[in-house]
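> Sequence:
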Amino acid sequence: MLKLEKVDVSYGSIKALHGISVEVKNSEIVALIGANGAGKSTTLRTISGLLKPSSKESIITFKDVQIQGMPPHKIVEMGLSHVPEGRRVFPEMSVYENLLMGAHSRKGKPGQEDFDRVYHHFPRLKERIKQVAGTLSGGEQQMLAMGRALMTRPDLLILDEPSMGLAPMLVEEIFHIIEDINAAGTTILLVEQNAHLALEISHRAYVLETGEIVLEGPARELAQNEDIRKAYLGE
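Residue numbers (the UniProt record's numbering): 1 to 235.
Please keep in mind that the hints were generated in silico from the structure rather than gathered at the bench.
Among these hints, one or two may not hold up.
[To be verified] Restraint-style ranges between C-beta atoms, simulated for each label pair:
no., residue 1, residue 2, range
1, Arg229, Gln131, 39 to 45 Å
2, Ser94, Thr61, 33 to 39 Å
3, His104, Val132, 16 to 22 Å
4, Glu113, Met93, 32 to 38 Å
5, Glu179, Met101, 43 to 49 Å
6, Met93, Lys63, 44 to 50 Å
7, Ser27, His104, 22 to 28 Å
8, Ile129, Glu5, 41 to 47 Å
9, Gly12, Glu172, 35 to 41 Å
Just so you know, even glycine gets a beta-carbon here, dropped at the ideal spot from N, CA and C.
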């Protein structure tokens, strides 16, 4: 579904990604783990068109179409939705209005089935549908950001640090929901500091260090790798 080949990204004279190659197959959950500053968010922002590769050899293919250099809204229209780090809900708008904004790029108005899909995964949002988003808890704002992304009916959902700043019980709830979204047919690329949980729910994973992929493979195998356990699992 998604393939990155030899992707370079630079911020001025600083090279953030060094020719990375990543593949996400249909129906998978793929995790991208690594330390702060490794280039994880840069990777996601480049996939969704917010950043441009710095090399002509860099190729990003989504559903057999090259998308490097394509405007972000066109990529969304193709079926790729990005939930950024920090949630970034519209704080002055209601939950309902935020969800409507998620469907803005689609042709035609969203139907009740779109809202019902979101409510199925996030029943708390239905209870707070008229509430101003800025008054929600951090966990509820994360649910809203994910629900807003689902309103685009994405084939691929990319999530940047969905557990950041959340209490442990909420983190587990969010990860169960991610599994449910995947089981319902949405492919997921996940960037997550909580490497233990990310590897637990993922099919495959990549380890990014200073802009380079240093390890890749089945998530369960990486979870047993001694270097990974020491570096990212606190063992």
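> What are the numbers of the hints that this structure violates, sorted from low to high?
4, 5 and 6
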